[in-house]
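Engineer: By numbering that gives the first Met the number 0, the letter at position 77 of the sequence shown is numbered 76, and the numbering carries on one by one without gaps.
If you're looking for bench data, these hints aren't it; they were derived computationally from the structure.
This structure is a prediction, so every number in the text was calculated from the model and none was measured.
Ideal Cβ positions, reconstructed from N, Cα and C, are used throughout, including at glycine.
Treat the hints loosely; a few may be bogus.
[Said to hold, decoys possible] With beta-carbon atoms standing in for the labels, derived distance ranges:
#1 LEU106 x ILE72: 28 to 36 Å
#2 ALA70 x GLU93: 57 to 65 Å
#3 THR90 x PRO66: 35 to 43 Å
#4 PHE13 x PHE77: 23 to 31 Å
#5 ALA97 x ALA76: 56 to 64 Å
#6 ASP112 x LYS82: 41 to 49 Å
#7 GLU93 x PRO122: 14 to 22 Å
#8 PHE22 x TYR121: 51 to 59 Å
#9 GLU96 x LEU124: 53 to 61 Å
#10 ILE1 x ARG68: 32 to 40 Å
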Amino acid sequence: MILVLILLSLLIQFVVLWAVFYFELNRTIGSIVAIATAILCAIFITPWSLVVGIPIILMSIILLVAPLREALIAKPAFNILSKAMPSMSITEREALEAGTSWWEKELFMGAPDWRKFNQYPYPKLSVEE
């Protein structure tokens, strides 16, 4: 009988976790629902449900508390991903520092706004040019 209760409680907790992700609940509501489900399963079904409930509760607390989330999830993930990204080439850096795409963006999108183009001032050459 106890085994059936344990399996029922695990099934309930996993279905609730699935529902949290499936219905795309925000972090706060999803964490609160997961914590409440783990506690209610432990109280009303069997205390053995805490075998899965405690890790769910701990992860939910980590997701709820911003400093914990940053220290345990965000910073390690950022450190790993920052090492995986290649360094920026000189050409890429110059392109990013050049500013906006100006009117070429409109042209390459296929439907340029010619009135907007006519409003741009004519470029003037500098003394050096």
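Engineer: With reference to the structure, classify each hint as holding or not holding.
Structural biologist: Hint check:
no.: 1; hint: LEU106 x ILE72: 28 to 36 Å; verdict: violated, 43 Å
no.: 2; hint: ALA70 x GLU93: 57 to 65 Å; verdict: violated, 36 Å
no.: 3; hint: THR90 x PRO66: 35 to 43 Å; verdict: holds, 39 Å
no.: 4; hint: PHE13 x PHE77: 23 to 31 Å; verdict: holds, 30 Å
no.: 5; hint: ALA97 x ALA76: 56 to 64 Å; verdict: violated, 31 Å
no.: 6; hint: ASP112 x LYS82: 41 to 49 Å; verdict: holds, 43 Å
no.: 7; hint: GLU93 x PRO122: 14 to 22 Å; verdict: holds, 19 Å
no.: 8; hint: PHE22 x TYR121: 51 to 59 Å; verdict: holds, 56 Å
no.: 9; hint: GLU96 x LEU124: 53 to 61 Å; verdict: violated, 22 Å
no.: 10; hint: ILE1 x ARG68: 32 to 40 Å; verdict: holds, 36 Å
In summary, the structure is inconsistent with hints 1, 2, 5, 9 from the numbered list given earlier, while agreeing with the others.
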